[in-house]
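Visitor: Okay, here's what each chain looks like letter by letter:
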Amino acid sequence: MTWRSIARQDSALTVSARSVKYLLSLLVLGILLLGYIYPVVGAEPYTTSRFPGFAQGLLTTLVPFVGVLLGYNAVVSDRESGAIRLTLSLPQSRSDVVLGTFVSRTGVLAGTLVAALVVYPFGELELGRFLLFVGLTVAFAAVWSGLGIAVSLAVATKRRALVLGFALLFLFVLVWDTLENALTAGLSAAGLADDGLPAAAEFLFALAPGRVFERATAGFVDPSRSLGEAWYLGEWVALVLLALWIVGPIGLAYARFAGRDLS
Amino acid sequence: MVAIEADEVSKRYGTETALDRVDLTVEEGETFGFLGPNGAGKSTFINILLDFVKPSEGSVGIFGHDCQADGTVARERIGVLPEGYSVFDRLTGRQHIEYAMRSKGADADPSEILDRVGILEDADRLASDYSKGMAQRMVLGMALVGEPDLLLLDEPSTGLDPNGAAEMRQILREENERGATIFFSSHILEQVEAVCDRVGILQDGELVAVDTIEGLRESLGGGTKLVITLDHLENGVLDTVRTVRGVETAVSNEDSTLEVTCTNDAKMDILVELHDAGVDVVNFRTEEASLEDMFIEYTGRQR
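Going down the list, the sequences are from chains A and L.
Convert by adding 225 to the 1-based position in the first sequence; the result is the number in our numbering.
Under our numbering, the residue at position 169 of the second sequence is numbered 158, and the numbers go up by one with no gaps.
Since the hints were made in silico from the structure, they are not lab data.
Keep in mind the model is a prediction, meaning the values are calculated, not measured.
Possibly wrong hints are sitting among the right ones.
[Said to hold, decoys possible] Estimated spans, in silico, between C-beta atoms of each pair: (1) A:F428 - L:R114: 49 to 59 Å; (2) A:D486 - L:D244: 50 to 60 Å; (3) L:R114 - A:R384: 29 to 39 Å; (4) L:G53 - A:D486: 49 to 59 Å; (5) L:E5 - A:G484: 15 to 25 Å; (6) A:G484 - L:A155: 39 to 49 Å; (7) A:L408 - L:G148: 57 to 67 Å.
The C-beta atom is built at its ideal place from N, Cα and C for all residues, glycine as well.
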């Protein structure tokens, strides 16, 4: 159980860093602001079940950025400086380091999210659905802090980790919708597909973490929204994909990290 | 029981061979010095013991646990001072010791350890503000946590002043008396000579000698050095001396002094030979070859 001592150490060091405090404050402020303007600009009825639909855009942008920024330097900075040699000289394995760091950083992010979401009740409270929403948001946060840590495991310098992390954010957060629209327009112009994308492409675009999170919250939490008819766009599939996004990237990056020389 | 066992360990980086089929056994309770010039492969070997680096071939074990397959268990009974580490940025010296205690599940008094390595006064300062020598003392402190059965130290005296190096050696002696096996690398000979039961000499990735210091002396032709002061040095005297059986080297470094390394038996023959050649010997004395001479002898041989 030595990953616990690593997690404890890492979380203490993470929250004590000033940059992390700013980053997390930004997240809290964003969510609180959203909570306060929801009853003002949102549509009736104001319930916690419908809040996710309103918060979606902000959460699927802000959480990835904070997650990646929190995770990208996790292992690689210790590796670059040499502090990881002290960690691994002790009876702790590389998997302890990965698990401990993942639990610690995801915990820090999840704790902040939960605190921010719970502080303001966002209209009429429907407890069960609200807790589901909080749970799914935490899972989404785990996806992105996991991606951040995966990036920090996969490369040997902080600079490369940052570049790779931003490449992921750029792809999945900033240009994903544009790519899909462009492909749809292109296929339509070429006369290949008249009504939307072919199923394979539709499924491919539906795989992005933000889309998966959206479908899961829409399906499980928000009664007013409906998902597409295709089975692969259903909420249960989304839930499985969300789980895969949490363990997949970090698992692959760990396999790479475990076989590496550290010098 | 065997503390460290290396079986035909090799490490190659591309075409470069950092470690070439190293076979080594370190018995429990020994103080073993791992000697070699910089870049000889000492750190590569220790990095493999710690699983920082994977061997290309062969295997190493600590107390019977394979360092790669079973690394965590292998590291449970050891204290380590690695090479090329850096301290944790926002932790104090005391917190470093406490971290090692938590990780090893050891019950100890951090102050006692910090006092022993001589940094108790600075215990509550951030370790990132420490000098190299202080960091070295602190990491030695982390290594001492939990009374390990094996201390694995890579160039432990780096950054220490002569006083600090002497304190370090004293701690190593105490730990050895407690029953711990000590394995440390160094390129500084006095360090090794002062505390080690046995030494291994590494040269270009190959283990060229493993022996006690006594044994090394003997294997080098008795290792006797004869310093002869002559009335005056004539041409041809050096050549005369070199013809004597058992002489390894003969040099004159001052105007009338000869330094001859030879087997023990050859000493008298040299003096007789000089006498026969009509050279007046004013004075002579013998010296034991230092480890430094042996080291140069060993590592120079292959160049």
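Visitor: Does each hint fit the structure? Answer for all of them.
Guide: How the hints compare with the structure:
1. A:F428 - L:R114: 49 to 59 Å: Hint holds: Cβ distance 57 Å, inside 49 to 59 Å.
2. A:D486 - L:D244: 50 to 60 Å: 55 Å, holds
3. L:R114 - A:R384: 29 to 39 Å: 30 Å, holds
4. L:G53 - A:D486: 49 to 59 Å: At roughly 24 Å between Cβ atoms, D486 (chain A) and G53 (chain L) fall outside 49 to 59 Å, so the hint is violated.
5. L:E5 - A:G484: 15 to 25 Å: 20 Å, holds
6. A:G484 - L:A155: 39 to 49 Å: Taking Cβ atoms as reference, G484 (chain A) and A155 (chain L) lie about 42 Å apart, which means the hint holds.
7. A:L408 - L:G148: 57 to 67 Å: 60 Å, holds
The structure shown violates just one earlier hint, number 4.
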